[in-house]
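With the hints as constraints, model all of the structure from the sequences given.
These protein sequences, in sequence, are chains A and B.
Yeah, the first sequence ends on 143 if you go by numbering that gives the first Met the number 0, and it's all consecutive.
Yeah, the second sequence ends on 113 if you go by numbering that gives the first Met the number 0, and it's all consecutive.
Note that these hints are calculated values from the structure, not bench results.
Keep in mind that a hint or two might mislead.
[Unchecked claim] Within a straight-line C-alpha distance of at most 20 Å, the following computed SDA-like cross-link-like pairs (lysine to any residue) qualify:
id : chain 1 : residue 1 : chain 2 : residue 2
1  : B       : Lys88     : A       : Gln117
2  : A       : Lys20     : B       : Gly61
3  : B       : Lys3      : A       : Pro21
4  : B       : Lys87     : A       : Val42
5  : A       : Lys20     : B       : Lys31
6  : B       : Lys29     : A       : Gln61
7  : B       : Lys87     : A       : Thr12
8  : B       : Lys97     : A       : Phe114
9  : A       : Lys20     : B       : Lys97
10 : B       : Lys97     : A       : Ala118
11 : B       : Lys3      : A       : Gly110
12 : B       : Lys88     : A       : Asp121
13 : B       : Lys88     : A       : Val42
14 : B       : Lys87     : B       : Glu105
15 : B       : Lys109    : B       : Asp10
16 : B       : Lys51     : A       : Glu43
17 : B       : Lys51     : B       : Val15
18 : B       : Lys87     : A       : Ala118
19 : B       : Lys29     : A       : Pro21
20 : B       : Lys97     : B       : Gly107
21 : B       : Lys88     : A       : Glu44
22 : A       : Lys20     : B       : Pro28
23 : B       : Lys88     : A       : Gly110
24 : B       : Lys88     : A       : Ala32
25 : B       : Lys88     : A       : Ile45
26 : B       : Lys87     : A       : Glu44
27 : B       : Lys88     : A       : Ser41
28 : B       : Lys3      : A       : Glu22
29 : B       : Lys88     : A       : Ala118
30 : B       : Lys31     : A       : Gly110
31 : B       : Lys87     : A       : Trp23
32 : A       : Lys20     : B       : Glu105
33 : B       : Lys88     : A       : Phe114
34 : B       : Lys68     : A       : Gly110
35 : A       : Lys20     : B       : Tyr25
36 : A       : Lys20     : B       : Lys29
37 : B       : Lys87     : A       : Gln117
38 : B       : Lys31     : A       : Glu22
39 : B       : Lys29     : A       : Trp23
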Amino acid sequence: MNAIETGAEHLGTVELRIPGKPEWVAVARLAVAAIANRLPFSVEEIEDLKLAIAEACTICIQQGAGIQTIDITCEASTSHLRVEVRDDRRRTRDAGANARRPSITGVEAEGLGIFLIQALMDNLEYSADPQLGTELVMTKRVDS
Amino acid sequence: MDIKVHVRESDDDAYVVELGGEIDVYTSPKVKDAITELIDQGHYNLVINLEKVRYIDSTGLGVLIGGLKRVREHGGTVNLVCTNPQIKKIFDITGLVKIFGIFDDEAGAKKALA
Chain A
0 MNAIETGAEH LGTVELRIPG KPEWVAVARL AVAAIANRLP FSVEEIEDLK
50 LAIAEACTIC IQQGAGIQTI DITCEASTSH LRVEVRDDRR RTRDAGANAR
100 RPSITGVEAE GLGIFLIQAL MDNLEYSADP QLGTELVMTK RVDS
Chain B
0 MDIKVHVRES DDDAYVVELG GEIDVYTSPK VKDAITELID QGHYNLVINL
50 EKVRYIDSTG LGVLIGGLKR VREHGGTVNL VCTNPQIKKI FDITGLVKIF
100 GIFDDEAGAK KALA
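Here you go:
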């Protein structure tokens, strides 16, 4: 989903980098909740977002032994919140290259985490590669 | 970020694991340790009280599922106490409502163990 394509007004982009360790996932969760609170999401939808972002960070940590950091980019618009979560292997190896980003149907889904994100968000694109790293891009519509 | 784990024996020979706070990738090992310790001691009928839990993610669910699988090997079970609508919703979405006994209060959860 793209804010320009949908005609929605872009409200702002927030970037957050956390250490790729379990004790920092709560920081990402709370930060995204604060961002979502700037949009007209319900309390329940904000809880959904918190869980989805935490699951994405957890997937990065579980799949990326030795990752140093996780980048979370939130793009807020009047119609939706788009969140990208990627580990630092993605950032360092992916510069300038065309990222392989199959939809969730094109990759093997790992566990409950992916299942929950799919259930709680309106859209999910997910790629995990031992060398390229892990990336999840998810969107939640304001009116969903 | 916090997790509180309190284990107590109830009058009817069941063990209650009372949890409070947030269960996520950071805190779930502490919950797993408490449940594993009880099972290793031979206690196979457990009530896990989630009334004071504000948040649970897939790693927390994984710990509960792992505990249930282990006690079932010994003919036991795990019943949950859960009243938080957001947490109930997660059990609904994942289909875990069909696997766990989920009760609104501890008395009901303990009674169903018998």
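Evaluated hints:
no.	hint	result
1	Lys88(B) - Gln117(A)	holds (14 Å)
2	Lys20(A) - Gly61(B)	holds (19 Å)
3	Lys3(B) - Pro21(A)	holds (17 Å)
4	Lys87(B) - Val42(A)	holds (15 Å)
5	Lys20(A) - Lys31(B)	holds (19 Å)
6	Lys29(B) - Gln61(A)	holds (17 Å)
7	Lys87(B) - Thr12(A)	violated (32 Å)
8	Lys97(B) - Phe114(A)	holds (17 Å)
9	Lys20(A) - Lys97(B)	violated (33 Å)
10	Lys97(B) - Ala118(A)	holds (18 Å)
11	Lys3(B) - Gly110(A)	violated (26 Å)
12	Lys88(B) - Asp121(A)	holds (17 Å)
13	Lys88(B) - Val42(A)	holds (14 Å)
14	Lys87(B) - Glu105(B)	holds (16 Å)
15	Lys109(B) - Asp10(B)	holds (10 Å)
16	Lys51(B) - Glu43(A)	holds (18 Å)
17	Lys51(B) - Val15(B)	holds (14 Å)
18	Lys87(B) - Ala118(A)	holds (14 Å)
19	Lys29(B) - Pro21(A)	holds (13 Å)
20	Lys97(B) - Gly107(B)	holds (17 Å)
21	Lys88(B) - Glu44(A)	holds (12 Å)
22	Lys20(A) - Pro28(B)	holds (14 Å)
23	Lys88(B) - Gly110(A)	holds (18 Å)
24	Lys88(B) - Ala32(A)	holds (18 Å)
25	Lys88(B) - Ile45(A)	holds (14 Å)
26	Lys87(B) - Glu44(A)	holds (15 Å)
27	Lys88(B) - Ser41(A)	holds (15 Å)
28	Lys3(B) - Glu22(A)	holds (16 Å)
29	Lys88(B) - Ala118(A)	holds (11 Å)
30	Lys31(B) - Gly110(A)	holds (18 Å)
31	Lys87(B) - Trp23(A)	violated (25 Å)
32	Lys20(A) - Glu105(B)	violated (35 Å)
33	Lys88(B) - Phe114(A)	holds (14 Å)
34	Lys68(B) - Gly110(A)	holds (16 Å)
35	Lys20(A) - Tyr25(B)	holds (8 Å)
36	Lys20(A) - Lys29(B)	holds (16 Å)
37	Lys87(B) - Gln117(A)	holds (17 Å)
38	Lys31(B) - Glu22(A)	holds (17 Å)
39	Lys29(B) - Trp23(A)	holds (17 Å)
Hints 7, 9, 11, 31, 32, counting from the list given before, are not met by this structure.
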